[in-house]
Amino acid sequence: MKLPHRRFDCLVIGAGGGGLRAALQLAQADLHVAVVTKVFPTRSHTVAAQGGMNAALGNVTPDNWHWHMYDTVKGSDYLGDQDAIEYMCRAASRQVIELEHYGVPFTRLEDGHIYQRAFGGQSQNFGGDQASRTCAAADRTGHAILHALYQQNIRAKTHFFDEYFAVDLIRNEEGAALGAVVIEIETGEVMVIEAKTTLLATGGAGRIFRTSTNAMINTGDGMAMALRAGIPLEDMEFVQFHPTGIAGKGMLISEGVRGEGGYLVNGDGERFMERYAPHAKDLASRDVVSRAIAIEVREGRGCGENKDHVLLKVDHLGPDVIKKRLPAIREMAIRFGGVDPIESPIPVYPTAHYTMGGIPTNRYGQVVAPVGHGAEEEVVGLYAAGECACVSVHGANRLGGNSLLDIVVFGRAAGNHIIAYLKENRYHRPLANESVDMAVARLSKWERRGDGESVSAMLAELQLTMEEYCGVFRSQEVLDEGVSKVLALGERLDEARLSDHSKVFNTAFMEALELENLIDVATATVVSAAARTESRGAHSRLDYPDRNDAEWMRHSLYCKTDHQLDYKPVRTKPLTVDTFPPKKRVY
Amino acid sequence: MNSLDPTALRRIKWRCRRGMLELDMMLQSFFEQRFENLDCQQQQMFTRLLDYPDQSLLEWLSGAPIDADKDVRDIVEQLRHFSSAGA
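So the sequence lines, in the order shown, correspond to chains G and S.
All residue numbers for the first sequence refer to my numbering, where the first residue is 1186 and numbers rise by one.
All residue numbers for the second sequence refer to my numbering, where the first residue is 4 and numbers rise by one.
None of these hints come from the bench; they were simulated from the model.
Check the hints yourself; a few may be wrong.
[Claimed, not checked] With a Cα cut of at most 27 Å, we get these calculated DSSO-like pairs of lysine-lysine:
no.: 1; chain 1: S; residue 1: K16; chain 2: G; residue 2: K1688
no.: 2; chain 1: G; residue 1: K1630; chain 2: S; residue 2: K73
no.: 3; chain 1: G; residue 1: K1688; chain 2: G; residue 2: K1466
[What the hints assert, rightly or not] Derived Cβ-Cβ restraints for the label pairs, each shown as a range:
no.: 4; chain 1: G; residue 1: R1456; chain 2: S; residue 2: T10; range: 33 to 39 Å
no.: 5; chain 1: S; residue 1: T10; chain 2: G; residue 2: D1636; range: 24 to 30 Å
no.: 6; chain 1: G; residue 1: S1629; chain 2: S; residue 2: Q36; range: 30 to 36 Å
[Unchecked claim] Computed from the model, here is a short list of chain S residues facing chain G with C-beta under 8 Å:
no.: 7; residue: T10
no.: 8; residue: W17
no.: 9; residue: R20
no.: 10; residue: G22
no.: 11; residue: M23
no.: 12; residue: D27
no.: 13; residue: Q47
no.: 14; residue: P56
no.: 15; residue: K73
no.: 16; residue: V75
no.: 17; residue: R76
no.: 18; residue: S86
For each residue, glycine too, the CB sits at the ideal point set by N, CA and C.
Start from the sequences and build out the full structure, keeping to the hints where you can.
As structure tokens, this is what we get:
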């Protein structure tokens, strides 16, 4: 079958902040750039990032990029690569100013300088007083960045393929990336986009869990494309959870509620945080509260018909306090939790928020994978940036305000590296037809007819399995069971059937492709988690409660072939300054 | 009864996929449970509403004043009412 072809210098897959920042750099250099995105660019998940973007501008408190670097290395629980972290923290201030020139309306101080707010995990002078480092455009920073970058791309004549679904990467026998096979959702037509370079910027994979703050589009598409192309995923066991999401739905109920005097109770009506943290109680750190909730549910003391959540009680504060101090939370609880907190407690459960792991890259955004004796050989023509990538600046735990920074800094860095690469590599490589055929064959499997399993039922089962066996409650027994359950689900994919085989706007087909991606990414996550026998950052093991630097200060690399794990050392040598050696992480 | 063909309906369903989970939930459940019963003009308004930025939609649906024309305000009111009923 002859498929339609398009050719570009650069293909960018994903139109969130990372993809758009890279595309802008490329289009401004007069390269022919295509951006493929399954939803309209301004509906990417970057729009949900409300917090802000860290940069050591020093407008509110004295600051220094080196202090920011220290906080990021410490926050990562020493799993972050210190060369990439130094690069990011040094670049931050210039990036904020550049974004401002692109039209992001950063909130100002009275003297006209950019306002900066205080955020957890940020310090002055290497662990001293609280720093105010986070620049924000009111509470809509992600929205402002995304819209500004989109407008700039339109001006620079980036070509957008809106509502196109990327299926698989095209690689030749030498491993070079040659573009991707995509589907136009509107027509169902399969198309080949050939490109001299391809950048994956598809965001995170929070939808592998039932309870997640992530939008429905966050299905790890780029990560799964990398896996299928033979590229490993790095540090997938590290998933950041918030302790209180609305049970079964995932929306965040902020710490502010507990700060105002709200507290958690289990199915016996017991205020259980007193047992886990006698002093801090409900205000203990996020990981402690998350774990406590998961243990209560796991041990049968949950609430509700399925005993699968706990309750956040606020009614004792009285209607006036709730209406005055927590109006947005009340609104959310009514809308999504189905309860008015003035009358009834809010059902909550830990909610998956951010994927620290992803496609391994170096600080230029080049995808790197083990080949022969080298742990970090560049994959020719392939780049990744943002939440789908693991560069790794977040290590085992991401600091608030560092994800918007990550996407902008490394989106731009990848763009710059691609520009330099294309000066030396001016021509398209011959297309690898076998690679295209494999992608098409994968698609045609979904043409099977007859009875079979439903995609939506399998998705719900996957998400619940990941929540129960690879959430915040992790032990060898639980994780091993999780591995076998997720692998069994993967094997059942062959039994899944679509009930609708039409071509035009077949959203059920897209959801089936997303399910395949989610299963691949969930497998990477649970297999990596079962193997890491220590607690570090967001990966917290009940049976191995301590960090073990001697054995585990290394990155996991999961390969799809036989679900094998490999490891590579953490890059502890920064670019110009001294290494921050691992210390106990206390705040 | 709706006058839209199945393709148009699926297009609208896909466009209820947004950058924020809150909007995914509100727009998708409204679409699934209420859209078919809207009259033609209201269906058009819902489709038009989907062209607004996520941030505006979230603010409007959370109760902020709606700086848009009356038709849009009406459909937002319906959505607000629908989701405060615990959908």
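task = May I ask you to test the interface hint for P56 (chain S) with respect to chain G, counting a Cβ-Cβ separation under 8 Å as satisfied?
result = holds, 6 Å
request  = Against chain G, run the beta carbon of W17 (chain S) and see if the smallest gap drops under 8 Å.
outcome  = Holds, because the Cβ-Cβ distance from W17 (chain S) to chain G comes to roughly 5 Å (cut-off 8 Å).
inquiry  = R76 (chain S) was flagged as interface toward chain G. Is the shortest Cβ-Cβ separation under 8 Å?
reply    = violated, 18 Å
query = Hint check: is the beta carbon of D27 (chain S) less than 8 Å from a beta carbon of chain G?
reply = With a minimum Cβ separation of about 5 Å from chain G (threshold 8 Å), the hint on D27 (chain S) holds.
query = Measuring from the C-beta of Q47 (chain S) to each C-beta in chain G, is the shortest one below 8 Å?
reply = violated, 18 Å
request  = Starting from the range 30 to 36 Å, see whether the pair S1629 (chain G) and Q36 (chain S) falls in it by beta-carbon distance.
outcome  = Roughly 34 Å apart at Cβ, these two residues keep to the hinted range, so it holds.
inquiry  = Looking only at beta-carbon atoms, does the pair R1456 (chain G), T10 (chain S) fall within the given range of 33 to 39 Å?
reply    = violated, 54 Å
request  = Could you grab the alpha-carbon distance between K1688 (chain G) and K1466 (chain G) and see if it respects the 27 Å cut-off?
outcome  = Given that 27 Å is the threshold and the Cα spacing comes to 55 Å, the pair is violated.
query = Given T10 (chain S) was flagged as interface, is its beta-carbon under 8 Å from a beta-carbon of chain G?
reply = holds, 5 Å
message = Tell me if the interface restraint on S86 (chain S) is satisfied: Cβ within less than 8 Å of some Cβ in chain G.
response = holds, 5 Å
inquiry  = So, as I understand it, the hint says V75 (chain S) touches chain G; can you test that by seeing if any CB pair is closer than 8 Å?
reply    = Check failed: Cβ of V75 (chain S) comes no nearer than 18 Å to chain G, outside 8 Å.
inquiry  = Would the hint on R20 (chain S) be counted as holding, given a Cβ-Cβ threshold of 8 Å to chain G?
reply    = holds, 6 Å
The structure fails to meet hints 2, 3, 4, 13, 15, 16, 17 from the earlier list, while all remaining hints are met.
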